[in-house]
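Asks: Residue numbers (this note's numbering), protein chains in the order written: chain A, 267 to 663; chain B, 267 to 663; chain C, 267 to 663; chain D, 267 to 663.
Source of the hints: derived by calculation from the structure; they are not laboratory data. Since this is a predicted model, take the numbers as computed values, not measurements. Idealized CB from N, CA, C, for every residue including glycine. Hints are not guaranteed to be accurate.
[Said to hold, decoys possible] Taking beta-carbon pairs under 10 angstroms as the criterion, some of the chain C residues facing chain B (in silico):
hint, residue
1, GLN313
2, LEU554
3, MET556
Protein chains: 4
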Amino acid sequence: MAVDLEPDPVVADLARRTADFVREVVIPVEERGGGVVRDDSERVRLQRAAKEAGVFAPHVGPEFGGHGLDMRARAVVFEEAGYSLLGPLALNIAAPDEGNMHMLELIATEEQKRRYLAPLAAGEIRSCFAMTEPAPGAGSDPAALSTRAARVGGGWRIDGRKWFITGADGAGFAICMARTSGDPGDPGGATMFLVDAGNPGMKLVRHIDTLDESLYGGHLEVLFDGCVVPDEAVLGEVDEGFRYAQVRLGPARMTHCMRWLGIARRAQDIAVGRAAERELFGSRLGDLGMVQQMIADNEIDIAAARGLVLQACWELDQGRSASQATSIAKTFSAEAIWRVVDRSLQICGALGVSGDVLLGRFLREVRPFRIYDGPSEAHRWAIARRVMRRHDKAARP
Amino acid sequence: MAVDLEPDPVVADLARRTADFVREVVIPVEERGGGVVRDDSERVRLQRAAKEAGVFAPHVGPEFGGHGLDMRARAVVFEEAGYSLLGPLALNIAAPDEGNMHMLELIATEEQKRRYLAPLAAGEIRSCFAMTEPAPGAGSDPAALSTRAARVGGGWRIDGRKWFITGADGAGFAICMARTSGDPGDPGGATMFLVDAGNPGMKLVRHIDTLDESLYGGHLEVLFDGCVVPDEAVLGEVDEGFRYAQVRLGPARMTHCMRWLGIARRAQDIAVGRAAERELFGSRLGDLGMVQQMIADNEIDIAAARGLVLQACWELDQGRSASQATSIAKTFSAEAIWRVVDRSLQICGALGVSGDVLLGRFLREVRPFRIYDGPSEAHRWAIARRVMRRHDKAARP
Amino acid sequence: MAVDLEPDPVVADLARRTADFVREVVIPVEERGGGVVRDDSERVRLQRAAKEAGVFAPHVGPEFGGHGLDMRARAVVFEEAGYSLLGPLALNIAAPDEGNMHMLELIATEEQKRRYLAPLAAGEIRSCFAMTEPAPGAGSDPAALSTRAARVGGGWRIDGRKWFITGADGAGFAICMARTSGDPGDPGGATMFLVDAGNPGMKLVRHIDTLDESLYGGHLEVLFDGCVVPDEAVLGEVDEGFRYAQVRLGPARMTHCMRWLGIARRAQDIAVGRAAERELFGSRLGDLGMVQQMIADNEIDIAAARGLVLQACWELDQGRSASQATSIAKTFSAEAIWRVVDRSLQICGALGVSGDVLLGRFLREVRPFRIYDGPSEAHRWAIARRVMRRHDKAARP
Amino acid sequence: MAVDLEPDPVVADLARRTADFVREVVIPVEERGGGVVRDDSERVRLQRAAKEAGVFAPHVGPEFGGHGLDMRARAVVFEEAGYSLLGPLALNIAAPDEGNMHMLELIATEEQKRRYLAPLAAGEIRSCFAMTEPAPGAGSDPAALSTRAARVGGGWRIDGRKWFITGADGAGFAICMARTSGDPGDPGGATMFLVDAGNPGMKLVRHIDTLDESLYGGHLEVLFDGCVVPDEAVLGEVDEGFRYAQVRLGPARMTHCMRWLGIARRAQDIAVGRAAERELFGSRLGDLGMVQQMIADNEIDIAAARGLVLQACWELDQGRSASQATSIAKTFSAEAIWRVVDRSLQICGALGVSGDVLLGRFLREVRPFRIYDGPSEAHRWAIARRVMRRHDKAARP
C-alpha cells in the first residue's frame, strides 16, 4: 500500500460537474451582482439550480440529501465551488452553515438533527455560530469567553455580547457558545446552545460594516440579554463546548481554505486571460519576465496551499485532531491566497482596481481570512508552542 | 557646508499648524463620513476652514494665495495633510488638482494662469488630467498614446477615449493630452490642451467603480468625440506634451507619496493605540513579540520611504529630472505604505476589518497606488534599464 | 479508493532505521569533520556501516543490492538520510551518483549495467555527470549545449569544456552529454556518452572553489579534448540526450529536495534546541514572539515543501513527465530550505555563525540549490510559459 | 535654511580619491587573496599606500593624522572604502579599531590618548573591544554582563569570559567592559578598562571558526583570569561603562552600515557587469524581466539604506542619542545589504557561487551583520518599545 493522490472517480466526477455548474450557472449571477447577493430569492434560486444539477450539499450524508464526502473529497469539490464567490452559497456549503452542519451531524441528538440539521441541509433555513466576542471577550483567545449561561428553572439563561456573527440576519437559529463554569481566562467550562430565531432575548444590535461583503447575511453584533432556552437547547454535553469548538473549527478552517483556493485560482485565471490579450512595450503582457514571475508565484502558492490542506484533511479523516496540520495549512493558505489575489490584481493594472473585473472584490473578501478562524499570529504562536513542547518532551529523560 | 536635514523653521511651523488643523477639523469630518466626501458643500466648508487656519494651498506661490513651498518643504507639510484622507482636499493639495497647478504654474501663459490657475488655486473650481487610456492606449507605456488632436480652422479637434480620469465629474476644466504627431508607440509628438467643462465634444461616459473611493469627483471614463478647442487652449508648446507630462509626473509621484505617508502614519497610530489598550493571552497586545515586529516594521518602512522621497525632492529642487530617484522613491513608498496599512489592520484583528476604524478604507485607498503613476513593474523596468545604460556607458572605451 | 497519505509500513520502517543510523553513526563523523569528508577511506567506512545497518542504496533494485524504492518512498527515506550532510554519501544516494544510477537503470544496456551500474550501486566506484558548460554553453538553457561529439572510425570524438562537474575528481567514469547534431540554440541532437576515468582526452582542469563544499569529490572544470570513445560508450540512443537529460533531471531535482529537506529539519532542530535552553530578557528564547514566528515559519516551509515534493513524486511514479510539478516543487523547496536554514541560524545568534554548530556550513551548502538543477528564475519562466500555453490552448476555438 | 543633501566639496573630493584608491590599489590585493588578509605585512603595506594617497584615517582628528570627518561625511567616504573588503583595513577604519578610536577620542585622558589612540590611529598597533560574552552573559542583552572587575590594591582585578572578540589576536591592547557594581540583569555599573597585550591575566582561548573571515585578526574567545590592571587603565569614569557602550555602539552601528553598503554596491556592480555580457535564451541577461527586477530591487535597497543611515548620522552629529534612528537604519541596512548580495549572486548563477567572483565571500561576510551590533529581532523589539512608550506618554493626561 503506497501513498496515493488519485482522487476517487466518483469525487472527480462530482468536482467536474460542480465546476461546470459554477461556470455556467453561478458566475453569470455573480458577475451581474458584483459578487454579492442580498436577496433571499436569489439564494433560493441558486440552490434550486444546484439541486437540479446534482451538486447540492455534497458534505452532508445521503440521509440529509448530500453526498457524504469526507474531508479529502471536500477539498476537491469545495475548491471547484469556491471558484465563484457565490458557488458555496449555491451548494449550501458556505460559512457558517457548512461548519454548523458538520458539528450538528457529529453531536446533535436525533431530535435536534430533525429539527435543525434537516432543514438547514435542505437550504430551507440558514443558521449562525455565535462564538466571537468584542474585546476583552473571546477573540483570538477562546478562553477569554465571557458570555455566560446560568441555570434557571427547566433551562438556561444566556447573557453576553457577540460580534462578527456571520449570517445572523435571517438565520433560523443560532448556535451560541457560552460559559457554564469557570471564569474568563480559564479554558474549561463552555456549552453550546441552540437558540431559535425570534427568541426575545437574542437581539441583532447592528450590521457591522466590514471590508468583506460576500458572506450571505452579513456580520452582526448580537446581544444575548436574559435569553432563556430550554434544556433541549443544549447541543452535546454541558461544559464540553471548548472541545466541540475544536471539532468544528479544525474542519471549518480547512473548508475556508478550500473555498478561497477556488477564488485564488479564479483570480489567477482572470490575470492570465488579461496577460494573454494585453500588449505592452511591444510584448504580450504574459511574456514579460516580471509578469511571468507573478504568474509562476501564483501557481506555486496555490499548489503549496493545496498540498497542506490535503495533508490536514487526511489527518482529520483518520480521526486525528490534526491541530498542527490545520494551523499550518490555514496560516499558509490564508496568506498565499491573499498574495495570489493581490498579484493577479497587479497584473491587470488599472483594470484590476476597477469593478470591470472582480479582483478588487476578491481582495476585500479574502483579506479578513488572515484574521478569522485564528489570526496568522495566533496560529504561529500555537505552532511554535507545539514544536517547543515536542522538543521538551523528547529532551526529558 | 554640510548635509543638513533640519527643516526650515517656517516650514516646520506650517507643518505643525497643518497637523493641528487636520486633527481638530478634518478628522472629525472624515470619520463621520467613512473617509469619503461626495458633497461639494462639504469640500467648500473644509477649504474655508483651511484658509482660516492659514494652511490652505501651501504649494502655490503667494500671488495665488499660497506659501510657495519647494518640494522638500512640501514633503513635510503634505505628509501632515495626508494624515487624514480628507486633509489634502481641505488644503487643496489633492490629486489631480495639485499636480495640475504645479504644471500650470510652470508652463501656462499669464492669461491661462488668470483664467485656470487662479480659480483652481483658490478652490473655486476643480480640474482633471486626461492622460490615461484604456488598452491598447496610454497606460504603463505613455508612448502608446492614441487620442489624437488634429488641426481645424483656428484650433484643434480632439478625438479619443480616456479612463481613470480622476475628478472629472464636476471639474471646471480638463487638461487633455493628445497626440499631435507621430503614431502610437512613437514617443514624440503630444500636446496638452485646456478643455473647458461644458465643451460638447467632451463626454463623461461613466463613473468607474473602483476599489478606492476617496479621491474627490471619482474616476471617470471620458470620451473626446470631435472636441474642438481654440488655439489658446494649447498649454505650452505643441508637440512638447511628453516632456510636460514628465514635468508633471515626477513631482506628482512624490506628492502622492507624501500624502500616503500621512495615511501610513495614521494607520500605525491607530494600530499602536489598539495595541496599547488590548489585552491578549495575559499581555498587552503591544508587548507581544509578533505585534512588536509589525510595529517596528511599520516604523522602518515609513522612515525609509520618507528618506527616499526627500532625496528625490532635493534633486527636483536642484532642477534635475530626478527620474531614477523618483522611480525608486515611488516604487518603494507605494509598496511600503501598503505594507504598513496591511500590518496595522492585522494588528487590530477583527476590529481592523470593520468600519469602526478606517483601516479597511485605507487599505482600499492605497492599493491602487502600486499601479497608478506607473506600476511597480514599469518603474523597476525603468530603474534597471538606467542602471544597465549607466554600465554600458562606463564600459564603452 | 481515496487519497491516502500513509506511507507503506516497510518504507516507514526503513525510514526509521535510516534515521537511527544517521543519528548514531553518521552525525558523529559529520560533526567531527565540519560536514565535509575528503578522505575516501572515510566514505568507504560510512558505506560499509550503512550496509551493515541494512539501509544502503535504497533506491536501486534488489539485483543491485538495494530496496527498489519508488519516488514516493524515496521522499520519506532520503529526507531521513539528508538529516546529516554525510547521510546521502553513507547510503550511496548522494548527487550525482544517485541520479546517474537512476538513468543507468532506465536506459543502459545489460553490459553497461554490469560494467558501470553494478560497481556504482555497490559503492566500489563513483561517477560524475558532465553536462553544464561555462557561458555561453549549456547552463540554465540546456539547448545552448556546445560540447560536440563527432563520428570517428569505430567511435566518437568529444570536444568541449564542462564545469561544475560534481564528483569528477576520483570518479570511475563520467556520463558526458555532447551535441551530435544541430547547433547551439537548437534543442535537438545530443547524446550521452560513458567515458572511463583515465581516458587521455578527458582532463580535470581545476577544482572550482565554491561556496558549498560537502558534495564528495568537489566541483570541477573538465576539458574534453579529442576524447575518443568506442561505440559501446553511447548510453541509450544517439541524438536522444536531451530527452534522457529530462528523465534524469526531473527525479534528480526531487531527490535534491528530499535530501535538503533533511538538512532543513536538522537546522530547525538545532535552533529549537537552542531556543529551549537559552534565556534572554528574562524569557526562554523559544517563548519570545519573534522567535516563535521563525520557528513556526520553519515548520510551515518544511511542510509545504514536503507536500509539493510528494505531489511531484506521485506524478513521476505514474509515469508522467511531471515537468510542471517538479518545477514548482523544486523552486519552492530550494527557497524554503534556504529560508529555514537562514532563520535557524538567526535564532542561534552569534553561536549560529560560529563553527560550534553546523548552521553556517548548512547555509553555504544549500545556497547553490537555488541555482543548480535550474535557477529559480528559469523554473518560474517555464512554469509561467506552461500556464500561458494551457490558457492559449483552452482559448483556441 | 532648507534641507540640503549636497555633500561638502572637500568630503566629495576625499570620497572620490578614496574610490580611486580602492579600485586601483586595494581591489587587486583583495581579489588575489579572496578577500582575506592574514599577513600583517600586507596590512602595513596597504595602510602605507593609503597614507601616500592621502586617504588614511579620515575619521580621526588632524592631530592624529586624520581628516576629522563628522558622521555625515563618514557616510560618504566609508562607503567608498567599503567597496572592497580590504578598503576599511587599508584606511584604518575597520571594526573594531575605528569604533575604539571614536570612543577614545571622546573619553580618554590625554595620557591615554597619547599611549593608545595615537599609535592606533597611525596603524602602528591594533586593538580589540572585549564586550560580548557567551550565554548566559552579555549578548543581545548587554545588561546580562557577567565579567566582573573588583578593587585590588592600586587597581582592579578582572575575571570573566568573552567571545567574538574581533581582532584580539595581535591587538596591542583590549578595551574590556566589566561589571563594577550590581548583578547580571541589572543595567547599572559597568566600567571600561584598557588592558595591554601581554597582560598575563588575559588569555586568548581560541580562534572561533566563523562564517565570515575577512575582519582582520579573527574572532576570538578571550579569558580574563585574575587579570590585574592599574587605576590608569580605567577609561572614563567607573560605573559609566553602559553609557560609554552606547556612545560607541550607535556610531559603530552606522559605520558598519556604511562599509557594508560599499560591498552591496560592489556586488551589484559585479552582477550588472555579468548581466551586461551574458546571453541567455536569446537575450542579454540584463534585459530579462526577472533579472531587471533583481537589479532594480538592489538599487532601491541601497538607496533606502543610505537614506536611513544619513538620517541617523545627522542626528548623531546634532549630539542626539539617535537610538531610534540608528536602530532603524541598522536593522534595515543589515537586511537590505544581505538581500543585495544574495540577489547579485543569484544573477550570476553558477559563476556566483564559484570563487571566480567574490560574491560567495561577500555573502558569508555580511550574514553575521544581521546578528552583531544587535540582532534584527532585538532592534525591532527596541523600536517597538520606544513607539509604545511614546504612545503611552502622549496618551497620559
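Asks: Name the hints, by number, that the structure is in violation of.
Replies: 1
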